[in-house]
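Student: The listed protein sequences derive, respectively, from chains A and B. Numbering-wise (this note's numbering), the first sequence opens with residue 5 and increments by one. Numbering-wise (this note's numbering), the second sequence opens with residue 5 and increments by one.
Watch out, some of these pointers could steer you wrong.
Identical copies go unnamed one by one, so any copy, or any two together, can satisfy a pair.
The calculated BS3-like cross-link candidates involving lysine-lysine, where the alpha carbons are at most 27 Å apart (straight line), are [what the hints assert, rightly or not]:
no. : residue 1 : residue 2
1   : Lys-247   : Lys-232
2   : Lys-22    : Lys-247
3   : Lys-312   : Lys-53
4   : Lys-70    : Lys-312
5   : Lys-70    : Lys-232
6   : Lys-232   : Lys-53
7   : Lys-232   : Lys-22
8   : Lys-312   : Lys-232
9   : Lys-136   : Lys-22
10  : Lys-44    : Lys-247
11  : Lys-70    : Lys-44
12  : Lys-247   : Lys-53
13  : Lys-53    : Lys-136
14  : Lys-136   : Lys-44
15  : Lys-44    : Lys-312
If you're looking for bench data, these hints aren't it; they were derived computationally from the structure.
There are 2 protein chains.
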Amino acid sequence: MNDNLSGLSATEISDGVKVGSFSAEAVVEACLNHIERRDKDVMAWECIKPELSLSQARSVDAEPEKGLLAGVPVGIKDIIATRDMPTGMGSSIYDGYIAPVDATCVARLRSAGAIIVGKTVTCEFAGLTAGKTTNPLDPLRTPGGSSSGSCAAVADGMVPIALGTQTGGSILRPSSYCGIIGFKPSFDTFSLKGVFPAAESLDTLGLHARCIDDIELTVSALLLRGHKMEQQLPRPPVVGLCKTWMWEDAQSESRAAVERAVEAMRAAGANVRDLELPEEFQWLSDVRGVINARERASVMAGEWANNKEQLSEQLQNTIQGGLALNHDEYLDAMYLMETCRARMNQTFDGCDVLLTPAVDGEAPIGLEGTGSPRFQALWTMLHVPTITLPCHVGPSGMPVGIQLVAPYRADNSLLAISRWVSDALSV
Amino acid sequence: MNDNLSGLSATEISDGVKVGSFSAEAVVEACLNHIERRDKDVMAWECIKPELSLSQARSVDAEPEKGLLAGVPVGIKDIIATRDMPTGMGSSIYDGYIAPVDATCVARLRSAGAIIVGKTVTCEFAGLTAGKTTNPLDPLRTPGGSSSGSCAAVADGMVPIALGTQTGGSILRPSSYCGIIGFKPSFDTFSLKGVFPAAESLDTLGLHARCIDDIELTVSALLLRGHKMEQQLPRPPVVGLCKTWMWEDAQSESRAAVERAVEAMRAAGANVRDLELPEEFQWLSDVRGVINARERASVMAGEWANNKEQLSEQLQNTIQGGLALNHDEYLDAMYLMETCRARMNQTFDGCDVLLTPAVDGEAPIGLEGTGSPRFQALWTMLHVPTITLPCHVGPSGMPVGIQLVAPYRADNSLLAISRWVSDALSV
C-alpha cells in the first residue's frame, strides 16, 4: 500500500488524509521509501531528515483541523530558507548554513499541513553550474536546471509538488526535460522573503507538479486564498501560435510538440491563429545577458568580496562580466525590457493564451550543462505567467513539452486553460 | 582638529583622505568621539564597534588605491545584513543574529573604502513601532521612522551618510523632521539582497545625507558607475506644483515650506505651474493599507508562525489585518497601483520635477509614534524617485522640508535639479 501512496497527487493525498483513508505518516513513509530506493540514481536531494518529516506528519495526523495540503510531502529548492534543515545554495560558501526563519513560502506550506521532506539539489546559486542530479528518465541526461532536484523529485514520483525558482528558464526547462508540469506565475505573485536572489528584476518563485489540480491547490495555500477549483472554460480558448524568431533554431521535436498541440487544440474546438511579437521584442534576447550579468554581480557582492575563490569559474566569469559592464548599458537594457512589458498585454490581441515552444528539444546528453534557457527566458523577462505541459516524445524517447503564456496577472485563467489543453492533448 | 573632522561631508572626507590631508583613522576617531559625546541623548545607534571601525580605517589608510568613499564613516539601518555586527531588525526575535554575508549595499560601500561605523536604530522590522532614538534637535520629539537612527546620526553630524529604507515614508519623513536630505531613488535602483523586506512591491533602499554631492557620490559607489558630478542644469527647471488632495490636511508650516520654495525657485528663474494628479490617484491613499497589510503579513509568515508573541501588538494587528483580507481585494489594489504607475510619466506633462509637501508638519512631540507617512507614501507607491530638502522652520523652531519628485528612473536629473533648488533656497 505504501508504494501506491507515493504516486498520489497532492490533491488525492490531502483529500485522503482529511477523510482518514490513510495517515499523513503513511504517505511520508511511502515517499521516504521511494526516495531511499531511487535517489542513489536520481540524486534529487541535498538533504532529507526522515525522523523530522515523520514527526511533522504525525502532528498533522493529530490535528483535528486539516489544512489545504494536509500530509502532502513537498520538496524545497535548496536556495529557499528552512529553519530546521540547512540551506546550501548549491555552494560550499553556505555549507551547513541554517537560516534563522523559514522563507514565507515554506512557512505557508507548513501551516497548510504540508510536510517538508527535504531540500532539493539546485545549480550553484540557482545559476548555470549543475549539481549532481540526473534525469530520472535517463541518468546520462541532464534533468535541466537550476531547479534540478525539485523537478527530478516530482518527475520520479518522490513527491507530488516541489518549489522551484525561475530567473531565466529554471522551472520550465527542467519540467519539459523530465516530462512534468512547470508553472512560473506572474512576477511578484509569491513572496521571495527567504529566497536567495539571482537577478532581482526577474526572479520568480514557482512550482513543479504532475497535474494542474495540484498547482491550483498549492497556489491557494501559498496565497492564503480560499480554494475552489476553477470552473470549466465557458468556451474553448483563443490561442495565439507564437513561434517567435527562435522557431527555426528549435530542434524538430520541439516544433513537432507545438504542431501536435495545435492539432489537438483545434480538434477540441480552440481557435488557433498565428501571432507575431512586435519586432523590438527580438532585442530582449540580446539584452538578457546584460541584465543577468549586472544583477548577478549585484546580488553576489557580499560573496564576491569575501568568498570569491569558492565560486565556480563559470559564475566568477558571469560576475566579472557584469562588473565590467557600463551602468548605462544596464539601464538601457532595463528600459527596453520595461517597454516590452508595458506593450505585452496589447500584444495578445484578443488571444487568451499564447502557444510557444518550451525548449530547444529533448534533454541533452551529459550532466555538465543544463540546456538552453532561451525559449523560457523571453517570457520570464516579460513578467507574464507561463507553464509547460508534457505533450510529445522526441526521437530518443525523451519528453518534450509545450509552453502556454498568459497576460500579466491572468494566472488563474492560464491554469484553467492549461487544464483544458491537458484534456485536449490526452484525447 | 578631530572635532572638525566629524562635521565634514563624505565628499570632503574622501577628497581629504585621498590627498593625505588627514587619515581615515582620524576621521573615524572623530566620528566615534562625537557619538560617545552625543549618543546618550540621541540614541541613534543599536551597535557600534569602535575597534573594528578603527582597524578598517587603518586598512583604508594603508591601501595605495583609494575608493570613492575612502575613509567615509557610514551608518547602516539595522534591518540590513552585516557579517561583522549583529542585525537585529528592531526585534527581540533577531537578538544577536549575525548574517552570513554582508548585504550588497554594505559590501559595495566597504569596497569603495567606506567605514561601517555601526548599525542604526530602526523601528521594529522597519514598520511603525518606534525604537529608542530621539530627535537630535529636540529630545522630546520623534526623529520620525522607520530609519530613525540613520537619520538622527546624519542630522547630528555623527556620520555624513547613512543607509535607510522606505516602504511608506521611512526615509523622507525622518529627514524632514531632522532637517537633512533624504533620497529615495526609483524602485529597484539598489539591490535589496540582505535587506529585510517590509512590503515587497514598495521597499526601496535609499540615503540620508546633508548635501547633494554626498548622495551622488554614494549612489556612484553603490551602482559601481563612474563618478563625475552632474553638470549645471542647462536651464532653470520646469516645476509642477503638486499640492495633492491632502494639501488642506497639511499643517500651515508644511504649506509655508512649499510656498517659500515656489517663491525662491521663481526668483531663480524656474517656471513653476500648478499640476494636478489624475483623479483616480486619490484611490492610492485608500488602497495603501491593503497592500501594506497583505504584503507585511506575507513577508512575516515565518516569524508569525514561530515567534508571534515577540512581535509588538501594533505589528500583530497589522499582520492580522493582512491575513483577514481577501486575496482578490489585494489584487485589485495592486491593479490600481500598477495602473497609476503606468500613467505617471505622462502625468508630468512636460515638468522636469514635481514640488509637493514632504510631511504633515514639524516632528510631533512624543517618542511613541513616528508621524504620518501619507505625504511620502503616495510617491513610494508610484515607484518614482523622490527627495526631501530642508527649506523652512516651523512655529516650534523645528525644520520642515519640501519634496521633489521626478519621473521613474530620472534619478540623475532629480539630483541635479535638487542641487539647483538647494542653491535657490539658500540665496
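Student: If a hint holds in the structure, say so; if it does not, say that too.
Tutor: For each hint, the structure was consulted:
no.: 1; hint: Lys-247 with Lys-232; verdict: neither (34 Å within a copy, 46 Å between copies)
no.: 2; hint: Lys-22 with Lys-247; verdict: neither (45 Å within a copy, 57 Å between copies)
no.: 3; hint: Lys-312 with Lys-53; verdict: between (31 Å within a copy, 26 Å between copies)
no.: 4; hint: Lys-70 with Lys-312; verdict: between (46 Å within a copy, 21 Å between copies)
no.: 5; hint: Lys-70 with Lys-232; verdict: within (16 Å within a copy, 61 Å between copies)
no.: 6; hint: Lys-232 with Lys-53; verdict: neither (33 Å within a copy, 55 Å between copies)
no.: 7; hint: Lys-232 with Lys-22; verdict: within (16 Å within a copy, 65 Å between copies)
no.: 8; hint: Lys-312 with Lys-232; verdict: neither (48 Å within a copy, 29 Å between copies)
no.: 9; hint: Lys-136 with Lys-22; verdict: neither (37 Å within a copy, 49 Å between copies)
no.: 10; hint: Lys-44 with Lys-247; verdict: neither (39 Å within a copy, 67 Å between copies)
no.: 11; hint: Lys-70 with Lys-44; verdict: neither (34 Å within a copy, 52 Å between copies)
no.: 12; hint: Lys-247 with Lys-53; verdict: neither (45 Å within a copy, 59 Å between copies)
no.: 13; hint: Lys-53 with Lys-136; verdict: within (19 Å within a copy, 42 Å between copies)
no.: 14; hint: Lys-136 with Lys-44; verdict: within (11 Å within a copy, 55 Å between copies)
no.: 15; hint: Lys-44 with Lys-312; verdict: neither (31 Å within a copy, 40 Å between copies)
The structure fails to meet hints 1, 2, 6, 8, 9, 10, 11, 12 and 15 from the earlier list, while all remaining hints are met.
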